[in-house]
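Knowing the structure of chain C, use the given hints to seat chain E on it.
Chains as they are written, first to last, in numbering that gives the first Met the number 0: chain C, 0 to 260; chain E, 0 to 263.
Some hints here could point you the wrong way.
Stated by the list, open to error - Calculated cross-link-like contacts (lysine to aspartate or glutamate; reagent style EDC-like; alpha-carbon spacing at most 16 angstroms):
1. C:Lys37 to E:Glu117
2. C:Lys37 to E:Asp131
3. E:Lys91 to C:Glu35
4. E:Lys91 to C:Asp133
No lab work stands behind these hints, which were simulated from the structure alone.
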Amino acid sequence: MLDRPGSAVASLLATVGEVSMFGGKAARQAFVPPFEFKETVRQLYELGVRSAPLIAVSGMAVGVVLSMHTRASLERFGAESMIPSGLAIALVRETGPLTAALLLSGRIGAGIGAEIGAMRVTEQIDALEASAVDAFRYLVVTRVIACVIALPILTTVMNFAGMLGGYFAETAATGMSLSLYFRQAFSLIDMSDYIPATVKTMVFGFIIATTSSYLGFTTSSGTEGVGRASTRSVVMSSILIIVSNVILVRLIFFFYPQAGG
Amino acid sequence: MTPQAATAPETRAAGQAHGEPAVRLDRVSKAFGERRVLEDVSFDVPAGCGFVILGRSGTGKSVTLRHIIGLVRPDKGKVFVEADEISMLEGKELARVRRKMGFLFQNAALFDSISVGENVAFPMRRHTDLGDAEIREKARAKLTAVGLEKEFDKMPGDLSGGMRKRAGLARALALDPTILLIDEPSAGLDPITADEIDQLLLGLKEQGGVTLIVVTHNIPSARRLGDQLLMLHEGRVVARGSPEEMDKDDNEIVQAFLSSRHAG
Numbered sequence: 000m001l002d003r004p005g006s007a008v009a010s011l012l013a014t015v016g017e018v019s020m021f022g023g024k025a026a027r028q029a030f031v032p033p034f035e036f037k038e039t040v041r042q043l044y045e046l047g048v049r050s051a052p053l054i055a056v057s058g059m060a061v062g063v064v065l066s067m068h069t070r071a072s073l074e075r076f077g078a079e080s081m082i083p084s085g086l087a088i089a090l091v092r093e094t095g096p097l098t099a100a101l102l103l104s105g106r107i108g109a110g111i112g113a114e115i116g117a118m119r120v121t122e123q124i125d126a127l128e129a130s131a132v133d134a135f136r137y138l139v140v141t142r143v144i145a146c147v148i149a150l151p152i153l154t155t156v157m158n159f160a161g162m163l164g165g166y167f168a169e170t171a172a173t174g175m176s177l178s179l180y181f182r183q184a185f186s187l188i189d190m191s192d193y194i195p196a197t198v199k200t201m202v203f204g205f206i207i208a209t210t211s212s213y214l215g216f217t218t219s220s221g222t223e224g225v226g227r228a229s230t231r232s233v234v235m236s237s238i239l240i241i242v243s244n245v246i247l248v249r250l251i252f253f254f255y256p257q258a259g260g
Numbered sequence: 000m001t002p003q004a005a006t007a008p009e010t011r012a013a014g015q016a017h018g019e020p021a022v023r024l025d026r027v028s029k030a031f032g033e034r035r036v037l038e039d040v041s042f043d044v045p046a047g048c049g050f051v052i053l054g055r056s057g058t059g060k061s062v063t064l065r066h067i068i069g070l071v072r073p074d075k076g077k078v079f080v081e082a083d084e085i086s087m088l089e090g091k092e093l094a095r096v097r098r099k100m101g102f103l104f105q106n107a108a109l110f111d112s113i114s115v116g117e118n119v120a121f122p123m124r125r126h127t128d129l130g131d132a133e134i135r136e137k138a139r140a141k142l143t144a145v146g147l148e149k150e151f152d153k154m155p156g157d158l159s160g161g162m163r164k165r166a167g168l169a170r171a172l173a174l175d176p177t178i179l180l181i182d183e184p185s186a187g188l189d190p191i192t193a194d195e196i197d198q199l200l201l202g203l204k205e206q207g208g209v210t211l212i213v214v215t216h217n218i219p220s221a222r223r224l225g226d227q228l229l230m231l232h233e234g235r236v237v238a239r240g241s242p243e244e245m246d247k248d249d250n251e252i253v254q255a256f257l258s259s260r261h262a263g
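In isolation and in its complexed conformation, chain C is listed as follows (with noise of 0.2 angstroms):
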């Protein structure tokens, strides 16, 4: 009975331990001609423009939420005009870039998974590397860029939804303008809130592509395992971003001490 969680972690260990080779091998390629320059856009494309409905929805959406909640505690101590300002710092540190990653890595990884995972099983991997295509530039390389590229961009998109959704909720609420919702927002966060935040969603970019270019690349038995290899690429990036954020938070507090006042 005790072997077998023993088992899962060594195996859950081996899988990262795996990943994290397969994405060293993403990141030094990444840099070594040939670049493959039109799947690349294309993935940016796929991977980055389409999943910014998705991205705009969700963060007007929680936008509206963290106001509600935020208006509902503050009132208390008659503080609602650090409404803007306080759900533009929640959102711009930290929510904006973890929803948004987790949200992606729902829409990106599974994606992923599922699309290498079938072509593993289908043998069009073999087929490419049969046609004298390196596979794992085309199919990973070009993903992990798209996507260490879009996530910065989206959830930029995600931080300025959140802060439109907080208007709607705040102008609702009071009669507040926009001119002014948004320079109170703007009052308290500059740069260093904005930038170190924002990077790190490029590790959560590299995180998700790795892991779901990964464990499709190693689908096996036929459809049932495109189905576990696109389940598993959404609940393993998702806890590798968890993880790896408190070590990126922690990190950004070191080098820009000022992000946590």
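Coordinates of chain E only, in the frame set by chain C:
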């Protein structure tokens, strides 16, 4: 169908003119975990020959084919494609040798996110400097050669099994390969379509000079396509020869296989 339109004889590699085998396996062994798939397999395939690898399911036929194009590496032994030891190559050198070959997968393995025409155009887009219009024209010609000229813009999911196979063949021929590897050309096809595919392959060999290496357990198809037959059993070569020589072979496994119900 016009098989000759699918090849460009002028592009045949110079290596074939020197009498060296198109492909040679030298004492190749391969195991996947505990399971030994190939054991000390050696053979050579003369250039321009129709070479058919026979054997029951799970005897290592497809794995042999995968060794030839470098998708699988041997645990022991060497695999040569013309003068190159493909089992030792990587990166650009491996890609250079692979460009000499076309591979028709058992289930065609078409890229399902792009159209049939783009599947055929894909190798040309990757490995030639041709313009878009010329590539599309050539891809259309390849598809016409396999009787799929009207399916250019269709998605692979919209094709029947036989059509997928023919589209896979058109893609395998995209770069005018000198060596064509074909995994189970008639599997899952009705007899008429299977015969059409065989006729197409024969045309490529006889009029285009393409070396065919075919894996099958369909005996009539093997007799049609094969100048040389090779019989694998439990990962080992048990017999090799022309169809007539194989008929006279007194090996029990060979005779049991050749006289099986597929022999009809």
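Consistency of the hints with the structure:
1. Taking the CA atoms of lysine 37 (chain C) and glutamate 117 (chain E), the gap is about 15 angstroms. The hint holds against a cut of 16 angstroms.
2. Note on lysine 37 (chain C) and aspartate 131 (chain E): the hinted pairing holds, with a Cα-Cα distance of about 14 angstroms set against a maximum of 16 angstroms.
3. Straight-line distance between C-alpha atoms of lysine 91 (chain E) and glutamate 35 (chain C) comes to about 15 angstroms, which keeps the hinted pair within the 16 angstroms bound.
4. Using a Cα cut-off of 16 angstroms, the hinted pair lysine 91 (chain E) and aspartate 133 (chain C) holds, with the two alpha carbons roughly 9 angstroms apart.
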